[in-house]
Amino acid sequence: MHPAPSVIVFTTLSGLGFGLLFWLGLGFPAVTGWVAFVFFAIAYALAVGGLMASTFHLGHPERAMKAFTQWRSSWLSREGVCAVAALIVMGVYAAAIVFFGVRLAALGVIGAVLCAGTVFTTSMIYAQLKTVPRWNSPLTSVLFLSLSLAGGALLAGQTLIALVLLPVAAAAQVAWWFAGDKAFVKSGTNLATATGLGNIGAVRAFEPPHTGTNYLLREFVHVVGRKHAAKLRMIALAFGYTVPFVLLLVPFSHVVALLAVASHLAGIAASRWLFFAEAEHVVGLYYGKR
Amino acid sequence: MLDQPKVDTSPKVSDEVRKTTCYMCACRCGINVHMKDGKVAYIEGNRDHPVNKGVLCAKGSAGIMQHNAPSRLRAPLKRVGPRGSGEFEEISWDEALEIAAGWLEPIRQEDPSKLAFFTGRDQSQSFTSFWAQNFGTPNYAAHGGFCSVNMAAAGIYTMGGAFWEFGQPDWDHTKLFMIFGVAEDHDSNPIKMGIGKIKARGAKVIGVNPIRSGYNAVADEWVGITPGTDGLFILALVHELLKAGKIDLNYLAQFTNAPVLVNSDPDSPEYGLLMRDKDGKLLVIDRKTGKPAPFDKKGVKPDLSATYRQAGITHRPVMHLLAERYMSDEYSPENVSGRCGISARRIKAIAAELARVAFEEEIVLNHEWTDFRGEKHKTMVGRPVSFHSMRGISAHSNGFQTCRSLHLLQILLGSVEVPGGFRFKPPYPKPVSIHPTPHCKVTPGKPLDGPHLGFVRGPEDLALKDDGSPARIDKAYTWENPMSAHGLMHMVISNAYAGDPYKIDTLFMYMANMSWNSSMNTRGVIDMLTDKDESGDYVIPRIIYSDAYSSEMVAYADLVLPDTTYLERHDCISLLDRPICEADGAADAIRWPVVEPDRDVKGFQTALILLANKMGLPGFTNEDGSAKYQDYADYIVNHERKPGIGPLAGWRMGEKGLTHGRGAPNEAQLQSYIANGGFFVKHIPDNCAYMKPWNMGYQDWAVELGLYDTPQPYIFDLYVETMRKFQLAAEGHGERQPPDHLRERVKKTLDPLPIWYPPFEDDHVDANEYPVHALTQRPMAMYHSWGTQNAWLRQIHGRNPLYVPTKIWEAEGFAEGDWASVSSAHGEITVPVAHMAALNENTVWTWNAIGKRKGAWALDNDAPEATKGFLLNHLIHELLPPKGDGLRWANSDPITGQAAWFDLRVKIKKTHAPAEAQPAMAPIKSPVGRGPDELTWKVGK
Amino acid sequence: MTTLPESTQRKMGLVIDLDTCVGCHACVVSCKGWNTENYGAPLSDQDPYGANPSGTFLNRVHSYEVQPAEGAAQLIHFPKSCLHCEDAPCVTVCPTGASYKRVEDGIVLVNESDCIGCGLCAWACPYGAREMDAAEGVMKKCTLCVDRIYNDNLPEEDRVPACVRTCPAGARHFGDLGDPDSDVSKLVEERGGMDLMPEQGTKPVNKYLPPRPKDQVMAAPEGEIDILAPLLTPVAEEPKGFIGWLDKALEKI
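Residue numbers (our numbering), protein chains in the order written: chain A, 1 to 290; chain B, 1 to 941; chain C, 1 to 253.
Looking at chain A on its own, in the form it has when it is part of the complex (with noise of 0.2 Å):
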């Protein structure tokens, strides 16, 4: 899959905002007034700026509010209509927390849920898709919660919670890694059946319909070197794992913080990437990409 920008900022910023919110509904940290503010600041402006960013990959950023409306069925619509829900939630919840100091725990809770519902139907949007087999898995969803919680934890400023979740994010990463590496072979589409020749012979793509690109070779087909990608693994576990749960075990300061939050980012930005380049669409069977 095409690693689009937009994407890759909307996934991890709006994963890491949302964790942020869903840590600060269930009051960790139990801050009030100005702090309150800046944490809450932080967090909207993550998951806000991530969804502004998933609108620039739009054909029709005007049209969006239309995606509102497919809940019944679309995780891509349930994804909006849980954003919103959990951001006016937690709007009232901060601004009763910021302006009146008034901690609305059960409000709360039901906004950290919806937080959390949020992350669950983004990672759903992908973990779907049968025609990507390496996202085509529950993993995608263990996955994108971690990450999203023990992000969100990182920059909540919860140590323990961190210590305990970035691991775990971890092993989901590497196990998601380990078996989206087999999906494709195991999801049993494959060229023969993609073309129904199979019982001929053995099939391989000959002339391309045609000798230029198009949107799915845009968007569906991209081929990452494996060196390249092993090495932007290593990255994503060193930056956005093993780099933050050293420096929490370093004495506090904002710096180290800011540090954590930042190897974090990065680290998540490469594994987001990856998420998507190293993802083969089906189609590409067609093309003979594989």
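Bear in mind the hints are in silico, worked out from the structure with no lab data behind them.
Hints may contain errors.
[Stated by the list, open to error] Below, computed lysine-lysine pairings styled on DSS-like, alpha-carbon distance capped at 25 Å:
{"#": "1", "chain 1": "B", "residue 1": "807", "chain 2": "B", "residue 2": "909"}
{"#": "2", "chain 1": "A", "residue 1": "186", "chain 2": "C", "residue 2": "203"}
{"#": "3", "chain 1": "B", "residue 1": "682", "chain 2": "B", "residue 2": "642"}
{"#": "4", "chain 1": "C", "residue 1": "252", "chain 2": "B", "residue 2": "297"}
{"#": "5", "chain 1": "B", "residue 1": "910", "chain 2": "A", "residue 2": "289"}
{"#": "6", "chain 1": "C", "residue 1": "248", "chain 2": "B", "residue 2": "301"}
{"#": "7", "chain 1": "C", "residue 1": "248", "chain 2": "B", "residue 2": "288"}
{"#": "8", "chain 1": "B", "residue 1": "301", "chain 2": "C", "residue 2": "240"}
{"#": "9", "chain 1": "B", "residue 1": "298", "chain 2": "C", "residue 2": "252"}
{"#": "10", "chain 1": "B", "residue 1": "288", "chain 2": "C", "residue 2": "240"}
{"#": "11", "chain 1": "B", "residue 1": "298", "chain 2": "C", "residue 2": "248"}
{"#": "12", "chain 1": "C", "residue 1": "248", "chain 2": "B", "residue 2": "297"}
{"#": "13", "chain 1": "C", "residue 1": "252", "chain 2": "B", "residue 2": "378"}
{"#": "14", "chain 1": "A", "residue 1": "130", "chain 2": "C", "residue 2": "203"}
The structure presented is a predicted model; accordingly, all values stated were derived computationally and were not measured.
Position chains B and C relative to chain A; hints supplied.
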């Protein structure tokens, strides 16, 4: 849940449908042009049209992009920079015609042969040749010489018609269809439709082609033959069929010259000539009397076996010579197998399959008919085996004899003009005897003494001057290629440059991309077009060119006459020319301006008429000096070739009103065509639809329609006596004899019975050094160089790899994305390669004419066609490598002069990828600028 | 409404004959022409005369080489467009309801005025049947020429998709695959019509007819002849004997 949206399922399709004829390739299908707001909105096939019956190929459907291409020329152009620079200024038509007439009229008055007028993919040859004839130059032809003249000439000399425009398989009845190398833009839709019909019935297709693509991909059997050996393979089939007696004796005896007696005395000056009676009638032995009798005498039963001795000379029937020739072990499957790359077992299996279907699955139609001997037949018996072929076997130096071999096979099986076999399309069948002979007598200020092109009957018809030198610039109808029925367009520039046989003044060409894909030796031709002599003048002094688009050739003209697109013009696809007939009916068609040009352009034919009027050419001028025709439409309607016969056969003026075929001009004729969908068709009655050369019902029908003046029944010439006459001359008989250096070649190659010899390139280059055959094919979605200016089609074929078979792919260690250096005895190219397994193991190939010159066709200089696309033409020379005898040996068939494109041998080596395909040439300046960055095409917004 | 209908009244679709398709791209361009001028936004082309031309097409013809265990490789041309799946994943993922499957005939359509151009439907389609139009920013796909097949302004015989009408070889058939008695259903039955990527569970309506077995004349293993023998039994080995045979054979005519 929301409601399902309401879709307008009955939107208005168009304001109006205008029906005309396609020109996106040579197929000439009927099209419905849907108009919205006076603009072309959508093009589809015309269901009523005899050629395509509603279907339309990719090219035809993309017509709207051709019609609106940014590459369209906008006004006449006068060269202002050096030739080849592409620097022009736009001028008025008045000035353009003034310049042209200023060049041409003095030539006409002094020596009309100083004009070489050659038209490329011209569909108005009966008109352009008429113009050239009236100008008086002998130097006229269209592009047949570098296309498929072998096929056309072999067919006409053998059986009075050939494939494509001349005939087609009986798609409705055939049970086995065998197709040899075919250019997929010739008769493209009818062949696809035919294959579709065959497939729907579950009948079989055998494809003989080194490359298993297109029609061969759907063939039930694929014979991946070695290029240039088709003739040998066919004669091996003949060998097997003869030995097994699986030939149609009744058919051979009645309808061919197999029983005709041949002088068999080697000492006789008429050795090998056919025996005739005092009226000139061919003689056969009548089995009833055992005595010689004219072949067409009522009640005669021609004998295939008896010989006849007269005045000490033994005469043997052609059948004897056939048996001797082809039963020889030389043609046994075992002997030809290695050379053809087909196992002997497979050759036998195919021969057996042909025999089985022809003789065990015979078709009988209950149509009564009377043959030319007056014998009545209750039924029509068919051998449901059919064949088709085009350039694949034709574009070799042994192509004529190979095409003849194929016709021999068809005829031995009794499968020509019978149900399930091969059928002619009117105006064919047409014996050689009623075709014209070539004419070349030049008289300054006067027309030529007759039509340029024709079919020689012997040395007396060659186009030679009194001193024996060639009368034509292309050396057609000379001893180098005596039967060159379509001329040799590919030799014109080379000969004109060399001044061999003489120098010319003006080269005038139409729709022929000679500085690019239509020439062999492209680089060399470019140099010839731009080279100057000692005095600083161009060696070819003047070049006039007409084209609708900014092709590569435009840059090499001094004067450019901009043609219209096919939707803006009048044309007639005439029975006098290359009509659109189908086997079941005679048909012709028109094009008409469904939209008016929005540029200062004129249809080329109209431009020619204006030029003729300016010069007052006979044929175009009334006795009072006034012009006969104002434009091409006027000519189409009012020109009469003979009284009552004009370019269009439909809706002529008879004594009692409108009539078809023969009749006076009708001023409203074009309106009648338009009202009828742009075409005219007259169906052949059922009992005349087969056995046409011998069927008096058909003969009378054809006379009535004006196809013949009198009935012209004839028999097929398995043995071509004309060829024997050339051989006799080479053996030292007669007044006109070949020069010594050509004697042996004429003796060897002009054999009156089909033979096979290796392609000439095999003798001229070291086959060990150049072990690989290299071919081109036409993509079905592209026509020559035209497709590239088409925004839709160029997305399908925007570049062309060289396809390499597995054996070579592995031996060279190629991988996807690799490049190779490919060299021939003549040149070298560096090109991208791709793997193809379904390919003859010693053959590489690529798509034809995808490579483009930077600056042409209104494309960007970095268009993939110009950076990755390439031409094989750079590897092919119009001359064979020198033999050291100081002579220029054309890379052509020695009989017809057909360009031997497919004789090419190469070697191939892996190489590092260059920045672009080599040779890369400097850009030419586009006279029309560049196309837009985006298309969102919608007329009815 | 991106939930799929429980069932559709008819299942209109295409049957594509891989034994007959010669790979001419007629269907591709005819489709481009009709759908540029008709339903929704035109199918645009970017850089149409430049280095990297790339346009929207709703139908494309691939080609595949198949190497059997024995014998020559085969080439198969392979047209592909929307298969109008019964369980169309492209429809259910759509967040706006722009994509839908019609109840009356099962055609999968995009209502362009509702499409936000998110591309998810194309992600969900295993067949590459949807292409985002770069100029219009909406998803384009085969409409099965819904604006032709019921169009009162067209003669009845023309009320078929443009690709079917134009196909020179007759390799494309159109009809109701939900009706077992329809011509297309019978064709699928006779010729063993197949689904593409059945494991994806999309239940395509369009079917593909597999190529018939090829290169069978030589199928019998060496030595096992002689099916040929009776057909090619020599009447003579030498021309002389042949002429003798000729004489006798002519007597019988």
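Results of checking the hints against the structure:
A C-alpha spacing of about 13 Å is found between residue 807(B) and residue 909(B), which places the hinted pair at or below 25 Å, so the restraint holds. Restraint check for residue 186(A) and residue 203(C): satisfied, since their Cα atoms lie roughly 20 Å apart, inside the 25 Å limit. Proximity of residue 682(B) to residue 642(B) is assessed by CA-CA distance (about 21 Å); at most 25 Å being required, the pair is judged to hold. Simply put, residue 252(C) and residue 297(B) have alpha-carbon atoms about 22 Å apart, close enough for the 25 Å limit, and the pair holds.
At roughly 24 Å between alpha-carbon atoms, residue 910(B) and residue 289(A) fall within 25 Å of each other, so this suggested pair holds. At roughly 14 Å between alpha-carbon atoms, residue 248(C) and residue 301(B) fall within 25 Å of each other, so this suggested pair holds. Of the pairs offered as hints, the one joining residue 248(C) and residue 288(B) holds, with about 14 Å between alpha carbons and a cut-off of 25 Å not exceeded. Our distance criterion of 25 Å between C-alpha atoms is met by residue 301(B) and residue 240(C), whose separation comes to about 22 Å.
The suggested pairing of residue 298(B) with residue 252(C) holds, with an alpha-carbon distance near 21 Å, which does not exceed 25 Å. Between the alpha carbons of residue 288(B) and residue 240(C) the distance comes to roughly 22 Å, so the proposed pair stays at or under 25 Å and holds. Our distance criterion of 25 Å between C-alpha atoms is met by residue 298(B) and residue 248(C), whose separation comes to about 23 Å. At most 25 Å may separate the alpha-carbon atoms for a hinted pair to count; residue 248(C) and residue 297(B) meet this at roughly 23 Å.
Simply put, residue 252(C) and residue 378(B) have alpha-carbon atoms about 19 Å apart, close enough for the 25 Å limit, and the pair holds. Pair hint residue 130(A) plus residue 203(C) holds up; C-alpha atoms about 14 Å apart against a cutoff of 25 Å.
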